[in-house]
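Input sequences plus hints: build the corresponding full structure.
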Amino acid sequence: MLTGKSRATCREVNTRLIKRLMVLVAALTLLVTAGFLSLRFGSVRYATADIIGSFLGAEGSTAKVIIMDIRLPRTLIAIMVGANLAMSGALLQAVMRNPLADPGLTGVSAGGGLSAVTIMLVFPEMTRYVPLAAFGGGIVAAFMVYTLAWKRGIDPIRIILAGVAVNAILGGGISLLSILYSDRIQGVLMWLNGSMSAKSRFHVSILAPYSFIGLIAALLCINTANVLQLGDDAAKSLGVRVNLARILLSMVAAFLAGISVAMVGLIGFIGLVVPHISRLLVGTDYRFMLPVSAVIGGILLTLADTGARTLFSPVELPVGILMAIIGGPFFLYLLRKGGAYRV
Amino acid sequence: MINASELKIGYDKKVVVDGFGFNIRQGEMVSLIGPNGSGKSTVLKVLARLMEKMGGAVLLDGADIHRLPTREVAKKLSILSQYNITPPDFTVEELVSYGRLPHRKMFQLESKADREIVRWALRQTKLEKLANRFINSLSGGERQRAWIAMALAQQPKVLLLDEPTTYLDISHQLEIMELLNTLNRELDLTAIMVLHDLNQAVRYSNRLIVIKEGKLFMDGAPQEVLTAEMLRSVYKVEAEVTINKQIGKPMFMPLGLAFGT
Ligand SMILES: Nc1ncnc2c1ncn2[C@@H]1O[C@H](COP(=O)(O)OP(=O)(O)OP(=O)(O)O)[C@@H](O)[C@H]1O
Ligand SMILES: [Mg+2]
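So the sequences go chain by chain: A and B.
According to my numbering, the residues represented by the first sequence are 59 to 401, in order.
According to my numbering, the residues represented by the second sequence are 1435 to 1695, in order.
One thing to keep in mind: the hints can contain errors.
Mimicking DSSO-like on lysine-lysine, the simulated pairs with C-alpha atoms at most 27 Å apart in a straight line are [unchecked claim]:
1) B/K1442 / A/K209
2) A/K77 / B/K1563
3) B/K1560 / B/K1509
4) A/K209 / B/K1448
Treat the hints as calculated values from the structure; they're not laboratory data.
From a predicted model like this one, the values you see are computed outputs, not experimental measurements.
And the structure:
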């Protein structure tokens, strides 16, 4: 028997689902808009017609070369990296059950950073191997963190502490090299603050397949991430192998962060804050929270990158600065307003 | 059904339970009683393979529970812990539907049968009206019922409950105990529960196991176990134990703390 009251609550639930889907659609729309803006603005401004023209033909025009070969790859990289970092952070926050967890905590950033900086400063002739070394260094560092944290099982607090320690050690290494080779530091600074400059179709074709694998893996983690939110005992009682789950989710997160660091260097903020923005908009259920995080991560990095290269053109700002300036206030606004979820 | 022998359990190096064991048959309602810190929760956690043991064995239908695939165990056994956390915006129904997780294949979606069972669990715990409320907006007792509903949705043969009625008012306490009783009678559910209310333990179980300082103190039928002597040596309480005529089981009335024991 469906009473008036229970029909009303059915409607309530549907409203919630509709609201969540609407946020996702709105975010996707915003992502397309942000991508479009990033194609329009730069050292030269193009009209909408130029952009449509370059997608449809207009062979040989400068507009087409700049839009398709220079700006589009950069935009695509920004979207992928933003999404990867945001998903990485979201997964790690489930693994650690800690709202302050971010991809840096796995050691991926510091490990990638140290090996990249070592190559750029000490063996500059091998610079083209920087992405490979950064990825490898990041994964090795993550492995170190998890080995140190392992003691008959993996406790989130121990991962966090081991992560902080490994970060401090590797960060010290980066600082030491920066001082010893202070004459060569210029190029390194840009990398250490993350930069999407000089990315070509070649870079897109490398990052895209890995990002796709990472995306699929992250989506497969959704159920486990949700169950981990019920606490270890409940998760175990439901037949989840909690230690294994923590390691698998962390591996996916480290992979997502690793490929991003390898491609564009160190970019903070997204992995920490975007999952919270997403949570405030759609709540804690990872079925919605994870995809929305990915889209918002893409939006934020695209907008920040567009701002970074246009606002003070021809000077290009590190993208991290812009991201903090755009994302910070928006985050605070949501935090004050409270959304689907109150912190 | 569940056979525990020579259990030795500790945290780090500190042993808190030693030489503990019992054998529980299908369909029994067992209460585990003992003072604070005596090791009740610890024993329950090991029975549910939430915690490793240092020695001894726990057998579920003859197989070592710590070696069985954990999903297989989850289809037969569920534990409701003493403390639970939920994300703030999970609804009651969402929480309860997680109980179906061990019965689904890795990436299988919720089936119609799953939803039926979730509704059944909600009905059993009288939560239908609250199904779409956020767990965080519920009272302590309603929350507890939501967690019990999740355990029921798991359709276990054995249910372990750590202080399931601690936050509840007397009427909801009795409701939970009656519910367990019904499930026990109708579905032959085996229940092992930690209870602090000894009168309820006597009333609703057919066996009491007393643990004191991590050791088995007594194991037997309620009327054998609930005696003034046991209360004095385990709880250091002087009490009068009488047989209640209406239910035909012993009841106790504490008179004061026991001295010189
Ligand atoms: N995580 C832990 N680390 C170290 N010691 C612990 C831990 N949990 C419990 N203990 C110790 O183990 C002993 C048994 O604890 P347990 O929680 O099993 O008691 P209990 O019988 O459930 O008590 P209560 O009635 O208060 O719930 C206690 O001495 C306690 O201090
Ligand atoms: Mg306890």
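* **Violations among the numbered hints, reported as their numbers in ascending order** => No numbers; nothing is violated.
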